[in-house]
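Peer 1: Chain by chain, the residues:
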Amino acid sequence: MPVDDHSLAQVAMSRAEYQRLVNMLDREPTEVELGMVGALWSEHCGYKHSRPLFHLFPTDGPFVLTKVGEENAGALDLGDGWCAVFKMESHNHPSAIEPYEGAATGVGGILRDIFAMGMRPVALLDSLRFGPLADAHNRHLFGGVVAGIGGYGNCIGVPTVGGEVQFDAAYSGNPLVNAMCVGIGRREHLLSARAGGPGNPLVLVGADTGRDGIHGATFASVELDEGSEERRPAVQVGNPFLEKLLMEACVELAERHGDWIEGLQDLGAAGLTSSAVEAAARAGTGIEIDIALVPRREQGMSAYDVMLSESQERMLVIPKRAHLDEVLAHFRKWELHADVIGAVTDDGMATVRDGDRVVARLRVDVLIAAPQYPPEGRRPESLDRLQSEDLAAHPDLAPGRAGEALLDLLGAENIASRRWIFRQYDHQVLNNTVVRPGGDAAVIRLKGSPRAIAVATDCNARFLALDPRVGAQMAVAEAARNVVATGALPAAVTDCLNFGNPEKPEVAYQLEQAITGLSEACRALGTPVVSGNASLYNETPTGQIFPTPTIGMLGILDNVDHHLGATPRPGDTLVLIGAQPGQPASTLAGSEYQVRTLGRLAGQPAIDLALEARVQLLVREANAAGMLTAAHDCADGGLAVTVAEMCIGAGHGIDASALALGARLDAALFGEAPSRFVVATADAADAERVRALAEASGVAATVLGRVAGDRVRIGAANVALADAADRYEHGLERALAGETAAHAAGGRV
Amino acid sequence: MRAAIVVFPGTWSDGDCTWALERLGVETRRVWHRETALHADELVVLPGGFSYGDYLRCGAIARFSPVMTAVQAHAEAGGLVIGICNGFQILCESGLLPGALMRNDSLQFRCQDVHLVADNRRSPFTRGLAAGRALNVPISHGEGRYFADAATLDRLEDADRVAFRYADATGAVTAAANPNGSERNIAGILNERGNVLGMMPHPERACEALLGNEDGNAIWQSVLDAVHVVA
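In order, the protein sequences belong to chains A and B.
Its first residue numbered 0, the first sequence is counted upward by one per residue in numbering that gives the first Met the number 0.
Its first residue numbered 0, the second sequence is counted upward by one per residue in numbering that gives the first Met the number 0.
Hints may be right or wrong, so weigh each one.
[Said to hold, decoys possible] Simulated crosslink set (EDC-like; lysine to aspartate or glutamate; CA at most 20 angstroms straight-line): (1) Lys503/A / Glu538/A; (2) Lys332/A / Asp345/A; (3) Lys446/A / Glu187/A; (4) Lys332/A / Glu34/B; (5) Lys446/A / Glu254/A; (6) Lys446/A / Asp557/A; (7) Lys446/A / Glu207/B; (8) Lys446/A / Glu251/A; (9) Lys503/A / Glu375/A; (10) Lys319/A / Asp345/A; (11) Lys446/A / Glu34/B; (12) Lys446/A / Glu26/B; (13) Lys446/A / Glu213/B; (14) Lys66/A / Glu187/A; (15) Lys319/A / Asp338/A.
Simulated from the structure, these hints should not be mistaken for lab results.
Make a model of the complete structure from these sequences and hints.
Peer 2: As C-alpha cells, then:
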C-alpha cells in the first residue's frame, strides 16, 4: 500500500527515505513499523546531519572510561575508584511551546540518562538562550523556563548549581534550554544500557504509558512555525516526585544489587522504541515486546501510540532471569510499578506484538541505520563583509563617558547578576556545594574523598555568528577557563549542538566549521568529548538561531581545600593575566559593548589556543603554589566588568586609575579578547610572585591594584562601588520589569 | 545520643541530616515512613523534601503515613522531635504544631542564606544558643511563609514558643530580613512542652566551614547537650 504524504509528514520522513526503507525491508512497512523507523531515523535520535562530523571529535583521554555514544552519558575516572558521568541535552522546541513543562521535562530527561548508568546525580546545570527581555513573550518564556527547571530540580532534590543565560534577538521565538547533569559514584557500580543475555526479561518501571509526547522526537526535528502551537500535545508533563522514587530505586539497585541486572536504560525521545532498540543494538541482540503487557494511562491506545509515547519517568530494566523476582520486589518497595513487557532475543530483530498479533518485526540494524547526510556547507557571503569591517574606524569611547558605559554594562541583561535565577533553584541540597552559583564554575566535593569536581557551561554564540570555527574554539576555551578559575584541571567535555536547519547550506557551513573548531580546541586543551546531543532545526519564520554549540566542561580538583572562588578578600591585590590591559579595537568583535552600546555585531574574533593552554596552566600552577586567593575568567564585558564584579563581591573598590590602557579605551575596558584571567593574591609580594611566574611562562601579567575603598577606578572609568553594585545586583530584575527596552535589541546577522 | 531520621517518599534532606548529625558523633538510622517503631531516647528528625511531591498542600499526605502515629506518641511521651522545612509543614498538617506554611510572598522558591535569632532560649533546641546571636542558616522552600491567626500568634509569643525569627546579620528582627513574608518574622516554633520544634531553615546545611559556615551546628549541639544533662 503506497504511503500517503500525511503519514510521512507525521514522522518527518522524506519520500526518498521511505523508499530507502522499503528497499532495506524488501516490502512496505506496517504503520507501527513506519512510526518506529521514523522516530529512530529522525534528526533527534538518528543524528542524520551531525553524525557524519562526529569523527572530528577527540574522544580519548587519560580520564575517559566510556567513550561518546557507547552509553547514555560519558564516564570519567576521577581516581581512587570514583567515577563521574555527565551529559547535556536540549529541550528547545518543547520549551518554546510550553516553557514550564518543556524545561522541567528536559531536566527530568537528563537526570534519567545519568542514573541509568547507576550513578547518583549530584549536580544540574542549565544553559539558556532567549530573545531580549524587552519583549513580553520572551519574558514569559524566560520566567516559565526558570520556574520549570526549579520546579523539577527542587522537588527531586538534586542541586542546580550553575549554567548561564544569554539574551539576543537571534533566539526570539526559539529559546534554547540545554540541561546538563553530573552523577558521581563508585566505578564498580557503573551500569550499562545493554539488553544482553537472550531470555532475560524486559521490565518497564515507573509511570504508566499515555498518549503524551507522541512524535516528540519528530517535533524536535522540524522548524518551529505558526502551526507549532498545535504540537502542544507533543510536549510532555513532568512528575518529579515519581522520578525521585525511580532515581532512588535505580541508584540503590546499582549500589547494592548490580549483580541482579544485565542493563538499565532510560526512556526518552521516541519512548519504548528507541529505548529497547538501542539497548538491543548495544548488546547485538534482539528484543520482543508485547504491548498488551504495557500498563496504560488511558484506554484505546494503539500499538503505535504505545511504542512512540514519550510519557516521562519510565525506565527499562533488563534483569538477569534468575533475579527477576528480586528486582520486581525491589521496585515495589519503592512503591513503583514494574511489569515484564517482553524479553531479550537472539535473533537481532525488534518484534512488537499486541497479544498474539505481530504488529512490527524489523531488524535492529535497519532501525538504527538512519541515513547520513554529510553537510554540504556554503560560506555565506555576508560573513566576509562582517569579518572585514574595520572596528578601529569607529570613534573611541570618550574618557568622560567611561564610567557611565561601565555602569550601563553592569546592569545589562547579559551581564547583570544571575541571582534572580539561582535563588529560585535549590543549589545546596546534598551538602556538597563548595562554590555556589554566581562565579565561573560550581565546585562539588566528593564525600569520602579529598577530591572535588568543577562544572560549568559556556558558549558565547555571537563569536560563532561572526566566525563559527573560531567562535566554537572560544566556547571551549571559555568553559575550560571557568573550570580553571576554581583551580581545577579541565578533564572532559559534553556538548549540545544547537543549530538551524542543516539542509540549508549556510547552516551546514556553520555546523562543519563549529564542530571543526570545537574539536581543535578540545585537542589543544586536552579535553575529549565524552557525550553530547544535537538539536537542529532551531528556526522560526523570522530566521535561524546563532550557531550555539554549548559546552559543558567538567574539571577535577585533587584537593578540595585548594579550590578558588571568584570573590577576592578586602585588601587582596588583583592581577590581570594573559594579555596587556591595552587592547586593539578588533577585540570588540562580538562583545556585549559592541552589541549593546554600539548597536552592531561585526569584526573577526580571534584566539590563540596555544596561549590559552599556557595561561590556564599558569593559573593552576600559581594556585597549586598557594599564591592565589581568587580567580575570575575575564570574558563577558571585558576587563572593566570583570574587575567591577570582583569588587562588588568583595564589597570594596579598587584604584587602578593609573593603569596604562593603550590607544583604544573602549577595547581596553570592554573588549572581550579570550585567554585572560583576573586573579587575586593576598598581598603585593604574592602578586609579584605571580607576575614573575607569568613572565617565565611567556604570559603577560599586570598588577591592577588593591581591593580597597568605595570607588571602582580602572583607567578613565571611575564609579562609586555602591552604584556599580546597584546596577549589577538589580539589572536582571529591572530588565524583567521592562525597564531596559531601549538597548536590548541585540544583533541578528 | 541517637537519631531516627524519617524518610517519606520524596524526602531529600535525610542524607544531609545524617551527614550533619554523624559529624557531631550522633548515631543515626533512617526510618522508612511505613515503619512505626521509634525509641524513646531517639531524636526524631522529619527532614526536608517534597513528600509525595507536595502536589497537594505541603505535608498533607505525609501526615497520614504510618510513622506519624509513632511520631505523635513519641512527642506525647516527651521525646524530642525536630521538623525541618517539609518536616515543619508535616508537623503543622498533623496538628503537632499550630499554624500553616503558605506560599512565599515573592511567589517564588527561595534558596538563600538567612540569619536567625533564637527567641526562646529554654527549649532543648535553643538552650545552648547565645543571646541575640545571629545564626547564618540557609532556607530552601517555596512555601515557608508561616501563618496563624493573631490570637494564636499572641499565644505562641506569650508562652515563649517562638523558637526562631528571621533577622539581619546583627540579629535585628526587621521586615527586610524576612525572606518569605512569615508572620512576625517567625522561622520556627515549639509545641507547648518545648520538645517538638518545627523550622523552615536548614541547620543541617550549615555544618561545615567548607560549605560556607557551621552555625547550624549550634542548634544540633544544643540538643545534644540538653539530652546529656537529662541523662
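Peer 1: Work down the list of hints and note, for each, if the structure agrees.
Peer 2: The hints, checked one at a time:
1. Lys503/A / Glu538/A: holds, 11 angstroms
2. Lys332/A / Asp345/A: violated, 32 angstroms
3. Lys446/A / Glu187/A: Within the cut-off at roughly 17 angstroms; holds.
4. Lys332/A / Glu34/B: OK: lysine 332/A and glutamate 34/B at ~13 angstroms, within 20 angstroms.
5. Lys446/A / Glu254/A: Distance ~16 angstroms between lysine 446/A and glutamate 254/A Cα, so the pair holds.
6. Lys446/A / Asp557/A: Roughly 13 angstroms between the alpha carbons, so the hint for lysine 446/A and aspartate 557/A holds.
7. Lys446/A / Glu207/B: Holds, because 12 angstroms separates the two Cα atoms, which is no more than 20 angstroms.
8. Lys446/A / Glu251/A: holds, 17 angstroms
9. Lys503/A / Glu375/A: holds, 8 angstroms
10. Lys319/A / Asp345/A: Distance ~15 angstroms between lysine 319/A and aspartate 345/A Cα, so the pair holds.
11. Lys446/A / Glu34/B: Violated - the C-alpha atoms of glutamate 34/B and lysine 446/A are around 29 angstroms apart, more than 20 angstroms.
12. Lys446/A / Glu26/B: It holds: about 18 angstroms lies between the C-alpha atoms, which stays within 20 angstroms.
13. Lys446/A / Glu213/B: Holds, because 17 angstroms separates the two Cα atoms, which is no more than 20 angstroms.
14. Lys66/A / Glu187/A: holds, 17 angstroms
15. Lys319/A / Asp338/A: The hint holds at about 15 angstroms.
The structure does not agree with the numbered hints 2 and 11 stated previously, though it agrees with the rest.
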